[in-house]
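Chains as they are written, first to last, in the numbering used here: chain H, 217 to 391; chain U, 2 to 624; chain B, 1387 to 1487.
No wet-lab data here; the hints were simulated from the structure.
Incorrect hints may have been included.
As the list claims (entries may be wrong) - Distance ranges between label pairs, derived from CB positions: (1) U:I614 with H:R242: 44 to 54 Å; (2) H:A331 with U:L607: 24 to 34 Å; (3) B:G1475 with H:L365: 29 to 39 Å; (4) H:L360 with B:G1441: 20 to 30 Å; (5) B:R1478 with H:T337: 12 to 22 Å; (6) U:F584 with H:L369: 47 to 57 Å; (7) H:S338 with U:I614: 30 to 40 Å; (8) H:A236 with U:I614: 37 to 47 Å; (9) B:G1441 with H:L369: 35 to 45 Å; (10) H:A236 with U:L607: 36 to 46 Å; (11) H:A339 with U:L607: 11 to 21 Å; (12) U:L607 with H:R377: 48 to 58 Å.
Stated by the list, open to error - Interface residues of chain H toward chain B, partial, derived using beta-carbon atoms under 7 Å: (13) V284; (14) A342; (15) A372.
As the list claims (entries may be wrong) - Computed footprint of chain U on chain B, listed as stretches where at least three residues anywhere in the stretch have a Cβ under 8 Å from a Cβ of chain U: (16) 1388–1395; (17) 1407–1414.
From a predicted model like this one, the values you see are computed outputs, not experimental measurements.
All C-beta atoms in this analysis are idealised placements derived from N, C-alpha and C, irrespective of residue type, glycine included.
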Amino acid sequence: MTIPSILFYLLAALVLGATALAVTRRRAVHAVLYLIVALVGMALLFLLLGAPMLAALQVILYAGAIMVLFLFVIITMPEQAPGFEKLFRRRWLLPLSLCLVVGLCLLPLVGSDPAASIGLTSARLAPRTFGIRLFRDYWYAVELVSLLLFVGLAGALYLGRTAKKAGPPTREESR
Amino acid sequence: MYLYLTFLLLFPLAGAIIQLACLPLGGYRPPRRLAEAVACLASFGALAMAVLAFAAGHGGTFHLVLRKWLTLPGFTSEMSLLYDPQAALMGLMVTLVAFLVHLYSVPFMRKEEGWLRYFFLLNLFLFSMLVIVLADDLLFLFLGWEGVGFCSYALIGFWYQEPANCRAGRKAFLVTRIGDAALLTALALLFSRLGTLSLSGINLQVAGLPPHLVELTGYLLLVAAMAKSAQMPLQVWLPDAMAGPTPVSALIHAATMVTAGVYLLIRFLPLLTLAPRVMLTLAAVGAVTALLGAASALAQRDIKRVLAYSTISHVGFMFLGLGAGDMGGALFHLLVHGFFKSLLFLGAGCLIMLLDGEHDIFRMGGKLRRCHPALFWTFAAGIVSLAGVPPASGFFSKGEILAAVFQQSGIGYRFLLVLALAAVLLSSLYGFRLLLIVFFGQPAPGAPQDVKRPPPFLMVAVLYPLALLALTSGLLNLPSSTWLSGYLGSPAPQPGWIMNSLDTLLVLGGLGLAWLSYGPADRLGLRNPLSLGALHGPLLSGFGLDRLYLTCVARPYRVLADLLWRGVDERLVHRGLLAPGYFLSWCGQILRRASTGLLSTGLQGLLLGAAAIFCLLALRWWS
Amino acid sequence: MIVPFGHVLILAALLFLLGACCAVARRQLLMILIGVEIMLNAAALAFVAAALHWGRAEGQIFALFIIAVAAAEVAVGLALIVAARQRTGSTRADDFNRLRG
């Protein structure tokens, strides 16, 4: 029981708990906030796993920008009048059972793989090395990703323009 | 000779076919007089050929092969004829009665719509009966056997608009079918053993057959004859067969078809005499039927049903005679019975027509005697012959049978003799009951009163020759004359004077009893339908055999048929065939729920697929 | 030694399954999107752990790419949700069923 392992398990519990809470909240705002907690926990995990640059980027980009974007959208959209989404117990049956099945298949799989039992040794990738590797060896991927970001920007701009309001949706499918 | 025999068969067949050409198809109205003339000419031609063949035969035996019929590996059947003295006599009687019935039918059918069908069937019947009479090859005989069965069914149900008539026809056909099955089994047994289906061939080889086979075949032939000749317990179809036209009853159910059973046994006599137990059974069936038939006739109200039961009783006498080994006596009684019974039936037909369809004897009455003496005297002649009053022919024929039974040793035959004597008494009793109630005394209130119209000439004219024959044909076989006995086939056992006097005593006793009970003065107060008291029910209904057959045979068959229809065919087969279709349809319904168009369903499907793939990979990794 | 490699992978898998449940079982479009985010994040965790296990930097680089792609996708997704909300006034997933399958 070394300190890193204790830390790992603590952080794992934190992340799992926060994610579980985020998934089961009725109000979207609460879910996003729990998710931010989980993402910060993930950043700490990255740090533990020897990726300080990535941990920082996780906090800045993921928890800082993406989740904030979520919050913006939630703020600008009023909730629907009837109020909160009821948590529909029966709908969880299929996903939970499938997850159980997959989990049951997974655990022995991981257990039996000899590579999986090797302990991870502490290491640290310096940000400098990270940057050099990124921009020197994978510059084309960086270019492509930036192109993708540009497309996303253009699409969001286009979709976000004010459009004519249509009527309320008609329920065409019987439940 | 051969020409005569060929034409004997061809005339009625040709008559039937020509009449088919007269079918009213497509608006063409058939010439009625011409068609009727063709029918009567056909039967007259047959009669003429029978007479010529008889004259040319001189009591000899002739074989004739008409043509080959079936040729299979290991089996050939040809249409062959055996013309021996018995066939000669039988042919004469059949064609004579048939011709008279044809003449009678012309005015009888004057007002009917189906007259063409009637004459066609009558001619076809005559052909089939002559096939039975003449056939040597047993398959050919079976053709005739089935032919008469079919014509009988068609003619009983002639007025098919009434469902009761159709039922009667079906009943006759189905009961005689039992006999047909027995006959086929017997033929199969004989063929499998002897390799030939020729009657003369079989009769030559019977001595070589093992006894148990002889007995089995004998019993089968007995069953076949019992069904066709309406003996106990298969007699149930004959009283109901009276639903057909009266000339049909006269021809088919008095003189010819019901005697076909007796004739079959006569043809097979060489085989039957080898099995004494069969002979005893034959005699017993005959005696019991004679007695029970006579007793049933005492309770009937319908004139035709009285005559039907009388037929059953007299054919029983013929069976008794055969069972006692006396072929001549049985054949003689067959001929005589043919004459007087057809006479009685035809006379009854005249009465029914006069009274506008009245069958109930208690509604006929004395006026008939005064207004139509010809009818009365011919009918009386028939009754006298039926009862066996000497010197009418019935006396001689019955006497011969009684003598034959008396000559047989053994306790069984003695007992049967007692039964036969009782039947003789009852014959006389019911015969004179019929005569007295129909022609003497007051009719019941409400009976038709207008009886003065004369019946058609032809209908009455045919009664005279029959009456003459009924009265006098006994004289042909007097003890002193051997002319007919040569044809009858065996030296006639002559009844001694004891038997003769006993016979006469019984007959006259019956006459006296009938006069007392049913005479016009009605001294004993018995002149009503229910005079028999408690016996009336069973005697009227034929001892409940109808109901027995209905419960034991017809109903289980119906239940089984219903079960096979509803249970097997409908449920198993039909629904079973539809089941895969329903199943596929149900599967489709289940799958339909997957395509909802909702986003959630799509996501669920996605998750499901991903989980499935992952599990598959995991399983492959493990193994 | 921190933890066995398998444990991290199991954690990543559990997070992934949680995200899948959220995406499948929730009716609001936003929650579906959040589920997708959780899934992406779990994948990134797995990559980082693998990078540490094999001693390569590529794992972390790819985790960065995952974050970038997630950002682009969220932008477009949220824009879609806003547009859909503006047009039909509803954010329930089941209301957008006119495409039928």
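Item checked: When the least beta-carbon distance from V284 (chain H) to chain B is tested against 7 Å, hint result -> At about 11 Å, which exceeds the 7 Å cut-off, the nearest Cβ of chain B leaves the hint on V284 (chain H) violated.
Check: Between L607 (chain U) and R377 (chain H), is the Cβ distance one that fits in 48 to 58 Å?
Finding: 30 Å, violated
Item checked: A339 (chain H) versus L607 (chain U) beta-carbon gap, inside 11 to 21 Å or not -> 37 Å, violated
Next item on the list: With 37 to 47 Å as the target window, see if A236 (chain H) and I614 (chain U) comply at their CB atoms.
Entry: Violated: the Cβ-Cβ distance is about 25 Å, outside 37 to 47 Å.
Notebook entry, point to check: Checking C-beta pairs, does the stretch 1388–1395 of chain B have three or more residues closer than 8 Å to chain U?
Noted result: violated (count 0)
Margin query: I want to verify a distance hint. Is the separation of the beta carbons of L360 (chain H) and G1441 (chain B) within 20 to 30 Å?
Written below: Because 26 Å falls inside the window, the suggested range holds.
Note to self: Less than 7 Å between beta-carbons is the criterion; does A372 (chain H) satisfy it with respect to chain B?
What the structure shows: Because about 4 Å separates A372 (chain H) from the closest Cβ in chain B, which is inside the 7 Å limit, the hint holds.
Margin query: Closer than 8 Å Cβ to Cβ for three or more residues is the test here. Does the stretch 1407–1414 of chain B pass it with chain U?
Written below: holds (count 3)
Next item on the list: Starting from the hint 47 to 57 Å, judge whether the C-beta atoms of F584 (chain U) and L369 (chain H) obey it.
Entry: 55 Å, holds
Note to self: Quick check: does the Cβ-Cβ distance between G1441 (chain B) and L369 (chain H) fall within 35 to 45 Å?
What the structure shows: With Cβ atoms ~36 Å apart, the hint holds.
Item checked: Cβ separation of R1478 (chain B) and T337 (chain H), checked against the hinted range 12 to 22 Å -> 49 Å, violated
Next item on the list: Tell me if A342 (chain H) is really an interface residue toward chain B, meaning its C-beta lies closer than 7 Å to one of theirs.
Entry: 10 Å, violated
The earlier numbered hints that this structure contradicts are 1, 5, 8, 10, 11, 12, 13, 14, 16.
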